[in-house]
Structure formats: structure tokens, C-alpha cells
Amino acid sequence: MNKFLILLKKEIKELITIQLVLPLIIMVLLFSFIGNIMSKETAKMFAPQPIFILNQDTQEAGNKISEILKTANFKPEILEASSVDEALTTLKEKNNPSLLVIPLNFGKNMNNFKSQQLLVYKIMKNFSIMSNAKYSAPDKAMVVINTYYSNEWIQKKKTSIEPEILKNPIKSNEFVIIGDKQANIPLSAVLGYIQKQTTFIPIILFIVIIIAAQMVAMAVASEKENKTFEILLSSPINRKTIIFAKLLAAGLVALLFAGVYMIGMNYYMKGITGGSISNSDGLESVFQSLGIVITPLSYILLGLSLFMGILVALAMAMILGIMADSIKSVQAVITPLMILVLLPYLLVLFLDINSLSPLIKYIIYAIPFSHPFLASQGVFLGEYVPIIYGIIYQFIIFMVFVLIATKIFSSDKIITLKINFSRKRQ
Amino acid sequence: MKALEVKNLVKNYKEVQAVKNVSFEISEKEIFAVVGPNGAGKSTILKIVATILSPTSGEVFIENENIAKNSDKARKMISYLPEEAGAYKNLSGNDYLKFMAAIYTDYKSKQKEYLAFAQEISGLKNRLKDKIKTYSKGMVRKLLLARTVMSRPKLAILDEPTSGLDVINAFEIRNIIKKLAREGMAVLLSSHNMLEIEFLSDRVALIDKGEIKAIGTPQELKTQNHAQNLEEVFIKIAL
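If you're matching them up, the sequences are chains A and B in order.
108 is the number that this note's numbering gives to position 108 of the first sequence; each next residue is one higher, with no gaps.
229 is the number that this note's numbering gives to position 229 of the second sequence; each next residue is one higher, with no gaps.
Derived by calculation from the structure, the hints in this document are not laboratory data.
Since the model is a prediction, treat every value here as computed from it, not as a measurement.
One should not assume that every hint holds.
Output of the computed footprint for chain A on chain B, the stretches with three or more beta carbons under 8 Å from beta carbons of chain A [to be verified]: (1) 44-53; (2) 113-126.
Quick list of in silico lysine to any residue cross-link-like pairs, SDA-like style, CA-CA up to 20 Å [said to hold, decoys possible]: (3) B:Lys98 to A:Leu232; (4) A:Lys224 to A:Lys240; (5) B:Lys14 to A:Leu417; (6) A:Lys413 to B:Ser57; (7) B:Lys125 to B:Asn169; (8) B:Lys131 to A:Thr228; (9) A:Lys70 to A:Ser128; (10) B:Lys73 to A:Arg239; (11) B:Lys108 to A:Ile327; (12) A:Lys140 to A:Phe46; (13) A:Lys413 to B:Ala18; (14) A:Lys196 to A:Arg239; (15) A:Lys134 to A:Lys413; (16) B:Lys131 to A:Ser222; (17) B:Lys89 to A:Lys70.
Cβ atoms here follow ideal geometry from the backbone N, Cα and C, with glycine treated the same way.
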């Protein structure tokens, strides 16, 4: 038993190295940072939600709806607009996502116990999980209004009304707006379609960027560990050629991985959806009218953004790989890179970047790996210009890191630069 | 003609001065050894000549070509065997030699010539078909030496060429080095094996704390220091 404990102690000491502990600590800090941002966003959701109303009925009807919503902790605001289009223009300017329209004779018909319809317009600008919650505010408002009128009708003992209508006297007629396009379709159908198409894109982006980075860092570190680097550096090969050969090899292998993952993910998604991932329940024409069909241009831009993301990751990982003196320490040295990929991945997945504080928003834009994640959403919204700017920015960052790598490869630092992870011994 | 000329070489690592104003020359066909205790600066000098490290000051010329100004050209004339060197483990010995031959020349006929020469020098015969990861330390060293000399460089830089080899393999390698030097290759050599130094070297520089303390033929050094062999000379100068 004593020998077992001695052995156990030794095994634990061997396993718990700074290479293992450092990434763990950094990951904890990263997740607490993301959690902090998310808690602020969640707090915003629990705050009284604004509901913008266009009242085409009498002032009394509008005021009544307002009062109902106020009792349920909403912040209703009646817009001064002569038409739905004018109201929507105002909302787009104010960056507000939804509009409730009270049609003419709504109040009168409700008083006469006739089932009515409210029009709900939702302006889609983002597909993140938290922004979905933001779009649900009018749905919650509808529940509140329905409950109010249902209770009122029951109190007035209108038993002749069909139970289904008595429970939900007001139906919602939902319109989704993307850019300048509009369709009469529930937002949930649009989101379901987009999520089917896009869920795996950020996952693949994340995996491919990380794999590519690890590959190139290991390519450099293994040259050091296997003692082949000095022979290579003293051979008649230009240092830039060495860099680009390593970058390209890792990039190509990473793209191969991306292809294999995409095939795997396709089967996975088919398994989940019970058919093709592009299955859209016969609503293709509606989605096309909203412009949320991926075009060849979208594919090209998304591919370019991903490719540039991989190139940036490769160039950064090559520099970090120089600091590693063994394959074992690669994991530790590429931790900063993993953070730079993980941070935008999680934030874009959960949050609407535009709703964040300017500082955090610009930090995310400054991270070159944010752009492929943003592009995966941008292609559905037809926002090509920001994607193109993102690609240009990524290319500039890539060139900067390649220049730094070339500089290091041409100097003593290629041999002397390293982070010493070994414990100081007495 | 001078194969190598080192002029007032200085190399600092932050506050540590690893090489202090070192100068020497090597002629064609000459084997020149740099000898000294651990940390004396031998490997640093070899790495500077091999264009891996850059000097803090001073100049290095290979066949009159300043390596700082034209390192790509200089690398075509040199070949370096580091003390601790490895080869790509997943390649076979033959594939490794083919890869290195292709780096040294673009001409297919030359590549074949280099390969045939390296195959002969390595003495690994059929084992060259096997992956390097199956080789013993001695076999890897022989493969690397074959790689170093395959292009018949103007200057071979050999850091502990027989390190880790058994007596017979070390003997073979020494003979190969001597033979190639007589055929025209200059050699800059570093070794802790004084018998090896005495057997191979035409001239020897004794280095301590980054400085050349003595330079001459093995016989001259022994005479000057009233010593029986180079080991005695080394101890007298180092202490």
C-alpha cells in the first residue's frame, strides 16, 4: 500500500504540470469573463421589455392594451406613425426588434366578444441564442393580452363562445423582416431553418482553426524536439520557404479535416432532423423571398473568411510554436490562441454583438477569428460588406504575423526564443 | 584558398559573453578542431559559422563570401552536423537522403549522385529502406553524417561527429572524414574526444571562456606545453 501511495504521488506529480494547469486557469478566467458579459445581457432580458405599438384603432383601445402590458412589467410605447412601413422605419432607426399593430375596430370587436388578430412584426438582425429571447417579447406580450381578455370574457360569462376562442381570443399574425425583405411567417420557422443550416458552421470553424493551429505549432515544436531544426535552418533553403511550406501543409491538412468534419456533421444533422439538413417543410419560396438562402457568393465569402481565419491561426501558431521546446508544451503555448478563438465563438453563439458595450464590441471585432463566426450569420442576412471588410482585416493581420514569423525565423530567436515550463530546481 | 575565415567574432547572450574576439582560418583540405570545456563557446562558434546564430560583432567568410550579407549563398557551400541531431522519424533512410539531396540541388542527375554517395558513406545498405524510427542511435548518426557530406560541401561543420557511436562505427566515421578532407573538403570540428582530435586534426584551437587560449598543430601544442598528448595540453591550459 505504501508503495502504491508513493507511485500514486509520483503519477499525480507527473500529470499535474504547468502545461496542464496554465490552460485550465486561463479557461476558468475566460469563462468567468464570458459569464460576466452574459449575466449583464440576461439582466437586460429580465428588465422591463419595451413593446412598440402602432395603434390604428381608437386611442381608448391603444391605451387599454398599454395598461394591460404595464401590469405585466412591459414598457409599452405607442408610436406616432401613419403606416406600418413608417413605424418599421422608425424602429429600424432605433434598433428595436419588434412591432405590435392594433388594427382598426380592434377595441370595438373585442367589446363585442369577437375574436381578433394583432399583427406582429419582427426585425431579424441576429441569430444568437440571447437575441432569440429578445424576439420573444411580443409573444410574451400576446400571452398577457390574451389572458386579460380571456379572463374578462369569462367574468362576463360569455359561455356561448367556443372554448378555444375563449382561451385565446386574440391570434397573432406574424411577419418577419430581414433587411428590406418581409414575409408572413412565424419567426420560429425562420430560426429553425437557419439553425438547421448554420448550427454546425461555427462548430466546424472552431474545430478547424484549433486543429490547424495545433498542427503548425507541433510542426515547429517537433522539429525542435526531434533535433531536426538546426539541420533544416543551416540548409540552403530560404527561411520564408520553410515558413510557407509549413503554413500551407498545415492549412491543407486542416481543410481536409474541415471537409471530413462537414461530411460527419451532415450525417449527424440528418440524424437529428430526420432528413436532409436543408429540409424546410415546403417553405423554400418564403425563405427565398426573405433572402435567407445561401448563394454561391455567400459560400465564397464564408469560405474566404474561414480560409483567412485559418491562415491567421497558422501564422500566430507558428510564432507560438517557436516558443515551445517540445510537443508536450504546444498545448500550453497555443492557449492564448485558443482563447482568441473560443471567446468570439461563444459570444457570437450566445449574444448579439451589437447589443454589447462599445469596448467589448470593438475587442470582438479586433479578434481576427470573430469574423468567420460573424460571417456565418452575415451571409444569411445578406450583409456582405462587413464580411468583405472582415476578410481584408484578417488578411492584414495574417501578413503582420507572417512578417513577425519571418523576422523571428531570420534571427537568433528561432533558437533562443522559448517559454521555459520546467520547474526551477534547487 | 581559405575555406573559412573568422574575424574578431563576438557573441553575447544578454550579459553573458559566450565568444570573445575569436579569429581563425581554415584552408581547403584542412581539418580544424575547436576544443574546450563545456560552455567554452565551441558550439556557439559552430552555430554562427553554420548561419544558425548571428554574431554580435565580427565577420565570417566562407570562400570569401560574407555569411551575414549572403547567408543563402553561404549555406550552399556548408553542411552542418549538430551535436544533438535527429532525422525525420517517419521517413525511411533513403527518403530522408533523397529529401536532403533535393534541398541541395535542383538537378536530378546531381541528386542521384548525392544519394548514391550518401548511401555508400552511411554503410546502412538494406536498412536504408526502413523507417528512421527503427534505427539505433549509431545508425541515425551515420545517416546524418552521410547527409552532411553527401553534397561534398566546401566546409563541413561537425559538432561531436562520433558522439554516441561504438568504437567500430566511430573509427569508420573518422576515416570517412579524413578521406573526404584529403579529397578537398575543409572541416570545422568540435569534439571532447582528444584521441579523435589528435587523429583527425591538422590544427587545433583550444578555447576557454569564449577565448582562444592556444592554436596550432597537435604536435606544436604538445611541444609548447611539454605534454605527452592533447589531453594533457587541454588540462594544462583549462586549469
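Quick rundown of the hints versus the structure:
no.	hint	in the structure
1	44-53	holds (count 5)
2	113-126	violated (count 0)
3	B:Lys98 to A:Leu232	holds (14 Å)
4	A:Lys224 to A:Lys240	holds (18 Å)
5	B:Lys14 to A:Leu417	holds (13 Å)
6	A:Lys413 to B:Ser57	holds (17 Å)
7	B:Lys125 to B:Asn169	holds (14 Å)
8	B:Lys131 to A:Thr228	holds (16 Å)
9	A:Lys70 to A:Ser128	violated (28 Å)
10	B:Lys73 to A:Arg239	holds (13 Å)
11	B:Lys108 to A:Ile327	violated (35 Å)
12	A:Lys140 to A:Phe46	holds (12 Å)
13	A:Lys413 to B:Ala18	holds (16 Å)
14	A:Lys196 to A:Arg239	violated (45 Å)
15	A:Lys134 to A:Lys413	violated (51 Å)
16	B:Lys131 to A:Ser222	holds (17 Å)
17	B:Lys89 to A:Lys70	violated (73 Å)
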